[in-house]
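As a plain string of letters, each chain reads:
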Amino acid sequence: MMELIKPGTNLDFVGKIKYAVVFSAVLILISIGSVIYHGGLNPGIDFAGGSIIQVKFSQNVSADQIRAALKDTKLHNSIIQQFGEKEFLIRTAESFSSQEMLATNVEKPLTAAFSQNYEIRRIEVVGSKVGADFKRKAVVAVILSWMAMLIYVGWRFEFRYALGGILALVHDVIITIGAISIMNMEFTITILAALIFIIGFSINDTIVTLDRIKENVKLNLKKRLSDIINVSINQTLSRTVLTSLTVFLTVLALYIFGGAVIHDFAFALLVGVVIGTYSSIYIACTIVLLFKNLRIAKTKRG
Amino acid sequence: MIQSLKIRVAIFLTVALGTLYFLLPTFVSNIPAPWDKYLPKDKIHLGLDLQGGSHLVLEIDTAKALETMLERMSAELKETLMDNKVRFRNLEKTADTAIVLELTEAADKSVLENVLRDHYPDLEIASTSPRQDSQLVTLKFNERRAHELKKLTMEHSLETIRNRVDQFGITEPEIVPQGEDRILIQLPGIKDPERAKNLIGKTALLEFKLVDDENSLEEALRGNIPDGDIIAYGLRADRTTGERGSTPYLLKNKALLTGASLETAKVQISDRFGEPSVSLKFNSQGAADFERITGENVRKRLAIVLDGVVHSAPVIQERIAGGHAQITGNFTLDEARDLAIVLRAGALPAPVNILEERTVGPSLGSDSIRQGIMATIIGSVFVILFMILYYRLSGAVADLALILNIFLVLGILAAFRATLTLPGIAGLLLTVGVAVDANILIFERIREELRTGKTIRLAVETGYSRAFLTIIDTHVTGIVAAAFLIMFGTGPIKGFAVTTIIGLLASLFTAIFVTRIIFDYVIWNFNIKKLSI
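Line by line, the protein sequences are chains U and G.
In terms of my numbering, the first sequence opens at residue 526 and continues consecutively.
In terms of my numbering, the second sequence opens at residue 2 and continues consecutively.
In case anyone wonders, no lab produced these hints; they're calculated from the structure.
Fair warning: this is a prediction, and the values are worked out from it, not measured in the lab.
Only true hints are included.
Label-pair distances were calculated between CB atoms; the ranges are:
1. G/Ile404 - U/Leu536: 31 to 37 Å
2. U/Trp680 - G/Ser30: 47 to 53 Å
3. U/Gly609 - G/Tyr234: 43 to 49 Å
4. U/Ile699 - G/Asp167: 46 to 52 Å
Result set (SDA-like, lysine to any residue): computed pairs, CA atoms no more than 20 Å apart in a straight line:
5. U/Lys660 - G/Arg183
6. G/Lys255 - G/Ser313
7. U/Lys739 - G/Glu449
8. G/Lys203 - U/Glu625
9. U/Lys743 - G/Glu449
10. U/Lys543 - U/Asn818
Here a beta-carbon is modelled for each residue, glycine too, at the ideal position from N, C-alpha and C.
All chains, full assembly: derive it from the sequences and hints.
This is the structure we're talking about:
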């Protein structure tokens, strides 16, 4: 039998809570710091409005050559970034939804510089109105999914369990956003989809551990909660690690082989899966314990 | 859990065969007769990001439509009031969709009210305020009616755009209203997105207006436009240089005839130069009007105005009967063809703005499919190997369920004609990772039970039942989270949400139900000493 975590393993998770709290606090501070340092998130056109033009060349070209070709157009201030082999993204705040705009600012100058050796493979234009709509919907979607998890876990378990689970989710979302910010990736709808997936995934580990805690509380009414939590984490540890490993493997395949279009999405998932696993072990259980202690303290005083 | 293995196997076979039935067209491109008759025709529907195409979100400027309506009404109202001998001055349409006028006789107010009631039920008096020697009356659309008109404008636009896209010949376009004033358009596999956009967004308001040759154009260009006249420009492309210049015309503002009176429009190629033009045929009322108009205005010039641009302004030589007319101009064949389409489909009742556009070329789409499939296969192989390595034969059972899960998701997508997008493929791969979680939960539980010394049969039973609730919990939360993404409405992300939800539902079936059949069958029929787990 192959076993990553030997049965009877009893790592002292609860005893190391202090370090976990410090570790998480540091990660959150770095995340928030990075977002502030970059002057907020770097919103993609989905949220900010603007245009993306993806061009593939048949020969090797550099971003500087393209920039030079577009020097006298409305795209002179655009962001040009390599996107896979011989392929570039041109991003601008201007709307390129008219034939003439595209012809005079992209096709003519590119043809002049590179003759016919290029192909426009993708055009995305999002008006500022739609962008603002998406922004509002994005915030609503994240908050609603937190709430939904809070209600579901609260209904299945207890409110303090639910609160632990949700704070773990908030923790995961903040740190994943921080990672995106540090990498200076664009925040797009696809990244949002990744965040929501992480919320759905990260709560899983939490639920599995909470389920075990609940079961063990019933079995050992006399034991201290911190001991029960520790035993429960250890009992579910191999499942937590295994599942995270399989999901991590699939996301890794996506990150390596999925192509440039889905690269950032896969990156956000990679970070989220790792952080989500860690947080359901530490953050969720810590908060359950914290609430218990608070309650005891209160009763003592009263 | 159903006890009878036979019934469970029957359920499993039904699902498996159903999946096969819906997936065959996707994987076998040429199904030989007579089998093709009994199988569904549709392959899995690919999103625009995979097959290439355009996704557009249009906004219908319904407020503008109301304003145009009000403008026309204000001109009519002027005449009606004069007919009813109401004394008024300074009747005009203001910028904030209202008509204001000054009544000079207080007694006329009741006449105005009567006129509104009898002829303009859409308008109501919003306010009256006394002036020195008159009273200022503000007229507005009544609220309910304005709302209705906006709705009608939206419906009319939707229909017009549907007509245009149908006639343009795009297979399986999707045109659906979104909210109060938006239209979502999906044009799969389109080769010339620019042309399609032009075709969809063009107002295509065709008007016939008389050229005012009695007043001086020069004077009007200096700013003294005679009452009831407007200046419009005609585009004129120079054949040799290709440069476009514009010629001003002084026109009578009143449209004598519009595109609404057309029966049909088609492209015609003139014999002499092979130049395309668009020939128009009026309906019977339009033909009668055209005959009367041309008869009354012989020797005058009649301008053909499309969306405010003068296309030509020929001199009327004689009364024209029969109801035929022709628009010439420097058209390319495609331009002429598109113009004929929009004239046939009718004018849009309101201007259209493109709010969002996402166009993916076919080459990028096929790259994405290739990479998506590649990632899915490699990711799945990782997981499959890992499960066998870790759980031995039990892992292989989970792997069977996993593979079934992938096909089941694809089958459900095909059966419900849901769309597979690139994030959708990612979602499929992620459900692979999550689907084995159910089996990991069960297997870990079985291992624990075995360690406590339970028999294999009891351990398996307890493992499944103890893990069951947890598995339901994890699936519910995943489905709920994905459901929040559906509200974004944009194709790719919706695809991700839909595939994830289907994948989670399917994994409940494959990871719990199907694997249990195999375990039960083996344990009940063979005397197993040691479970390979």
